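Protein chains in written order, with full-length UniProt numbering: chain A, 1 to 367; chain B, 1 to 367; chain C, 1 to 326; chain D, 1 to 326.
Bear in mind the hints are in silico, worked out from the structure with no lab data behind them.
Values in this document were obtained by computation on a predicted structure and should not be read as measured data.
Be careful, since some hints might not be right.
[Said to hold, decoys possible] Rough simulated footprint, nothing fancy, chain C against chain B, three-plus residues with beta-carbon under 8 Å:
#: 1; stretch: 111-118
#: 2; stretch: 128-136
#: 3; stretch: 139-149
#: 4; stretch: 172-178
#: 5; stretch: 334-341
[To be verified] Quick list of simulated restraints, FRET-style, between CB atoms:
#: 6; chain 1: D; residue 1: 200; chain 2: B; residue 2: 351; range: 27 to 33 Å
#: 7; chain 1: A; residue 1: 151; chain 2: B; residue 2: 268; range: 28 to 34 Å
#: 8; chain 1: B; residue 1: 83; chain 2: A; residue 2: 23; range: 55 to 61 Å
#: 9; chain 1: A; residue 1: 349; chain 2: C; residue 2: 245; range: 28 to 34 Å
#: 10; chain 1: C; residue 1: 165; chain 2: B; residue 2: 351; range: 20 to 26 Å
Positions of the beta carbon are idealized from the N, C-alpha and C atoms, including for glycine.
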Amino acid sequence: MSTVARFHIDHTRFLDPQGEPLGPLPDFACDPARLVPMYRAMYLTRSFDAKAIALQRTGKLGTFASALGQEAIGVGVASAMRPEDALFPSYREHAAQLVRGVRIEESLRYWGGDERGSDFAEARHDFPNCVPIGTQVCHAAGAAYAFRLRGEARAAVCFLGDGGSSKGDFYEGLNFAAVWKAPLLVVLSNNQWAISVPRSAQSATATLAQKAIAAGVEGVQVDGNDLVAVHHVAREALAKARAGGGPTLIEAVTYRLGDHTTADDASRYRDPAVVQEQWSFEPLTRLRNHLVKLGAWGPEKEEALARECAETVNAAVEAYLSTPPPTTAAMFDHLFATLPAALAAQRDEALRFAPRTAGRQPGGDHG
Amino acid sequence: MSTVARFHIDHTRFLDPQGEPLGPLPDFACDPARLVPMYRAMYLTRSFDAKAIALQRTGKLGTFASALGQEAIGVGVASAMRPEDALFPSYREHAAQLVRGVRIEESLRYWGGDERGSDFAEARHDFPNCVPIGTQVCHAAGAAYAFRLRGEARAAVCFLGDGGSSKGDFYEGLNFAAVWKAPLLVVLSNNQWAISVPRSAQSATATLAQKAIAAGVEGVQVDGNDLVAVHHVAREALAKARAGGGPTLIEAVTYRLGDHTTADDASRYRDPAVVQEQWSFEPLTRLRNHLVKLGAWGPEKEEALARECAETVNAAVEAYLSTPPPTTAAMFDHLFATLPAALAAQRDEALRFAPRTAGRQPGGDHG
Amino acid sequence: MAEINLVEAVNLALAHELARDEAVVLLGEDIGANGGVFRATAGLQQRFGAGRVVDTPLAETAIVGTAIGMAAMGLRPVAEIQFSGFLYPAIDHLVNHAARLRNRTRGRLACPLVVRTPCGGGIHAPEHHSESPEAMLAHTPGLRVVMPSSPARAYGLLLAAIRDPDPVMFLEPTRMYRLFRQEVADDGEALPLDVCFTLRGGTDLTLVSWGAMLHETQAAADALAAEGISAEVIDVATLKPLDLPTILESVARTGRCVIVHEAARTAGLGAEIAASLAEEGLYSLLAPVQRVTGYDTVMPLSRLEYQYLPSVERIVAAARKTLEAS
Amino acid sequence: MAEINLVEAVNLALAHELARDEAVVLLGEDIGANGGVFRATAGLQQRFGAGRVVDTPLAETAIVGTAIGMAAMGLRPVAEIQFSGFLYPAIDHLVNHAARLRNRTRGRLACPLVVRTPCGGGIHAPEHHSESPEAMLAHTPGLRVVMPSSPARAYGLLLAAIRDPDPVMFLEPTRMYRLFRQEVADDGEALPLDVCFTLRGGTDLTLVSWGAMLHETQAAADALAAEGISAEVIDVATLKPLDLPTILESVARTGRCVIVHEAARTAGLGAEIAASLAEEGLYSLLAPVQRVTGYDTVMPLSRLEYQYLPSVERIVAAARKTLEAS
Ligand SMILES: Cc1ncc(C[n+]2csc(CCOP(=O)(O)OP(=O)(O)O)c2C)c(N)n1
Ligand SMILES: Cc1ncc(C[n+]2csc(CCOP(=O)(O)OP(=O)(O)O)c2C)c(N)n1
Ligand SMILES: [Mg+2]
Ligand SMILES: [Mg+2]
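Isolated chain A (complex conformation) (with noise of 0.2 Å):
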């Protein structure tokens, strides 16, 4: 018996859950400059994700799925990124999505039901939020072997969750991706929890990294309520994949701090108590903590962007909420490039009795 191959799994963290520096930190992590909008969009984040919840609440938005507690996931991987690369989200992934340029009424819009939430004003490029569990990653894989294939220098970036990393279209595209070399990172939220199935229900590993070791990538687990570490980490991996050196996946340890969406009571399946718990380690304190420390942040600072980001928050939701509705020919008008004719009576009969039911307002209660 002889040993033909070794594989290990990394894990990396530079600040611990009060922001203090475990070690030498990488030179961005000291530089205000850049860490300040990193912070901001973070917090912008959570001021959206309260309010999606209220409108919710309130009816005036359909099934909602919040990012709390993972924000430095999506905002330490989206800053990481150029305009020109590719974001391929899940539907959780409004963090990266703001840094991309996403408009928050264009989110709005998207949970309300409304297909042009997904018409993106900016980051022209970027995919849609996918809702079928796992498939993106084929998607940015065969992003990722269109812009090497042309010699570009743009990297494909998707995420999904732990409960995703189950299923076959993940281990697909990342097999595809490694054989294809191409600029590719895959970001694995892994938040505890697939809406009630526990991470350890979801995989017998010790890690969900080590799944990079089935398709012959690097795969690194990181503290993904550590801002620092998450950028540290994506940067390498796109800096990599811009060169030639193939695929990343990246497991990023966090905890899903609310239910799995508005439509989900969590109290049903898991202890209110470690929720609390997982409470001392998210990410917003952890690099406030530390940006107070660099001189960078205080509380007038902490004042003014939460009133700028109820600002935000609040234009975008009145500019939600004045959006004309959707007309009825739109369900016709973008299924193809020119409308076949053999679509023309049904678009007729929609229009014909689209006075009747037409009106509704934006709202739900199930997903």
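Starting from the known structure of chain A, fit chains B, C and D with the ligands onto it as the hints suggest.
For chains B, C and D with the ligands alone, kept in the frame of chain A given last:
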């Protein structure tokens, strides 16, 4: 940065290509009473293979997938199984099937285009050949779950190829079995080719055994042309499975000495010189040399075996060719336990038109 | 005897079968502690244990794939797919395996599997949560496809599906889960598969529908009744194999037929029924058959979903059209 | 101008588009050095390189899934699924993504993807190699479904499919791959999508079919002609969206219609055509529409496959039946 998990993949081999022991052998490997039946099964498999190809060439059989060069894997693994275990083969594992009691004439019927070939007289709960690549891993995982739930000391044993190890079903099924700690053995016959796609284009990994790490189960690599090694690791994996230790993935490294199927012409995509070279590793010679050295084998026994296998195969061919043709009604008879009323008219129609098109001989050329 | 809604009837039937037959196991995402996202399996894991009510990892291919292995080895798995928009990764196992295992082995192995999945729109759910995939399944030889439209039929048909020796797709219309309550006795009495249920007799035209659309269809029948038009309403219930004789017999009496379904029109199951009428009932047709269906467009997000779903108005208009003809 | 068979016409069209548009890439199993199991891509990897003619690992979900990503990022992928029995793992990506990307983003992203796959039986292939999945695809809003039935139409329609800005399923009938040769000019002229081709004019009845079944359908028309019966033969060609006007116009003249397809009967595409006739062409029907189709059974292994496939005899018998009626 800290290391949170370590893994390694071991490779097992007991006999070198000339059949010389590389070190101490497991007990069974010195016991002719255990080894000779396995040698005989390998020989019979090869005889069957040659005959099946001849039948196909003369228009008496449909497309056929030979196991040439891979006999040690099926025989070594199936000989470690108990009758009450269940086999989930691909389409290339008649070596294992013959050991399980599947009759040669049954195999011929299947490849001759007749469903009755999968109505095994023995091995009644083994799955039939599985053509949709990789799907059988899920079936085997489910079967293993059933065994475990009922507290039975049975195991499910599943075979797939190097190509199959790229398929989502493989990862998903293994992950389920791992979470369930179900008694499953997955044997990955890595014959270096998936039709024309070489192992190197299939996966960027150093080994295929390491795909087990993605599910948190043990993955071992074995010389698939060394019957002793294959049988040894299979016995260990099955003992572990029955003891509640969960699944194992065995990568059996071998080489497809023949065309993919009779519909394939491998000279289009691979160098015959390489194939020639691979003949020096083939499993029958290796085991025969070992048996000779044990004093358990010689030219007379070899000749007798050749005669015996020829007779067995010829008798099976007779039985196959004299099988009455399938009836038209058979299309309807086994679709459901009871034919739904809605199908009666279709059955009548089929019977009405049957005489004009019935009586087709087996044979064909694609796949 | 309690009044229960459709999702409670599903729960009741599952509990009944789990208690009756120890080979019955449930598997799916979030069906355990959470009791299913619609509460269809609420309380069942507590009562029957995590070995028989299995929370799986997130992978629909493997949910159905492993269920096939379980079924072949003597269990009676009832797999839940959380929403039918997530059934597609399991189509391969349904078409290539579940539907064929008995046939391929000439009866040696069988696949007594039930796949339950919520279907249809109208509850303002997110993207992919409002699919109507029944035609795709009904087109597949070897599958039975069943869709209940009331608590009592959900209970009785689900019992029948679980006891059936072959694979059954059991599609549960989400919009009906909590729409109304009905007295349902937990008496273990299965309803027959493979037959339509005539919900209301009529003489002027036949309305054929299934699942949640029966709500609008019945409302349309009411509206027509108010005008003195007598509509027969048929709940197809088992969509495959189709009980064509019941439909033909009705149309033979009424001469007019409107078929209502939520799925896209082209090659939907309504096409099969209309085609069968054109073949076997042509001479009794007094007017062209009408289909009122979802459009051949993607099911829109929630703000437009009620413009996609057939409305009472559309059904009534189609009925009028058949009544005005010749 | 050479006489070529259908599979050579496919090869010619692929080569033409690879040369014309550098965004075109091919991907699939064994399409490179091996040239595809049917030789449809023979020589293309040598000519255009392994970057544009990509041998993928064995995974249909990812073949279509990655092709979607490529298409959205500006490539024009033509994915090959080796046999349509292996298309099912890709159904999720086709239904939930390829068919919806444009709609879901209100036109911001598009999916100019072609999925080619051999389909149908009759070549004595192994299990799962003889599927006819067109109805499942045609039922899916947002997909175009095309099936050629001659070398010239294979060439012209494949060019059109590749140039189309939306996803097209291109189903190639294996039984026709080498059935006959035809002169095909490599002139880069696409044929129109979304229209039927009338292969032969007739006055007594209309035979509607597609793909390989046109072989038997034409033979049936010959047999009927020998008896003095004039059958019009329509090749549907684009199965979705359906060119109903051409079929209605023909049946308006002939009054009788037989639809022939190889796929299972229930909710097949024949049902859609028959249903449309019952709705929009009822008054021109002189006799019940007849469907001659595969049975609602699993496609049998090769020894019985010709008892499953519609035969000339069955088509002629159905034609006679419509002619005898009223
Ligand atoms: C293929 C598929 N199956 C099921 C669902 C329903 N569903 C939505 S989210 C979810 C859990 C996902 O968990 P995870 O991947 O960990 O992501 P998280 O929600 O925790 O961010 C499930 C089962 C789905 N959207 N897609
Ligand atoms: C899902 C699926 N895709 C494609 C095929 C066609 N096909 C048959 S065998 C084969 C290659 C399989 O290679 P591997 O898994 O290595 O097994 P081997 O044939 O070498 O034993 C392919 C592509 C198939 N049978 N199933
Ligand atoms: Mg999660
Ligand atoms: Mg192989």
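Taking the Cβ atom of residue 83/B and the Cβ atom of residue 23/A, is their distance within the range 55 to 61 Å?
Holds: the Cβ-Cβ distance is about 60 Å, inside 55 to 61 Å.
Closer than 8 Å Cβ to Cβ for three or more residues is the test here. Does the stretch 128-136 of chain B pass it with chain C?
With 3 residues in contact (Cβ-Cβ under 8 Å with chain C), the coverage given for the stretch 128-136 of chain B holds.
Assertion that chain C covers the stretch 111-118 of chain B - criterion: three or more residues, beta-carbon distance below 8 Å:
holds (count 3)
Mind taking a look at whether chain C covers the stretch 139-149 of chain B? Criterion is 3 or more residues with CB to CB distance under 8 Å.
holds (count 10)
Taking 28 to 34 Å as the hint, is the beta-carbon distance of residue 349/A and residue 245/C inside that range?
holds, 31 Å
Could you check the hint for me, namely that residue 165/C and residue 351/B are 20 to 26 Å apart, CB to CB?
holds, 24 Å
Can you confirm whether chain C covers the stretch 334-341 of chain B, using C-beta to C-beta distances below 8 Å and requiring at least three such residues?
Our answer is that it holds, as 6 residues pass the Cβ test (under 8 Å) against chain C, meeting three.
Could you say whether the range 27 to 33 Å given as a hint is met by the Cβ separation of residue 200/D and residue 351/B?
holds, 32 Å
Is the listed coverage of the stretch 172-178 of chain B by chain C valid when you require three or more residues with a beta carbon under 8 Å from a beta carbon of that chain?
holds (count 4)
That 28 to 34 Å hint for residue 151/A and residue 268/B (C-beta), does it hold up?
holds, 31 Å
In summary, the structure agrees with every hint in the numbered list given earlier.
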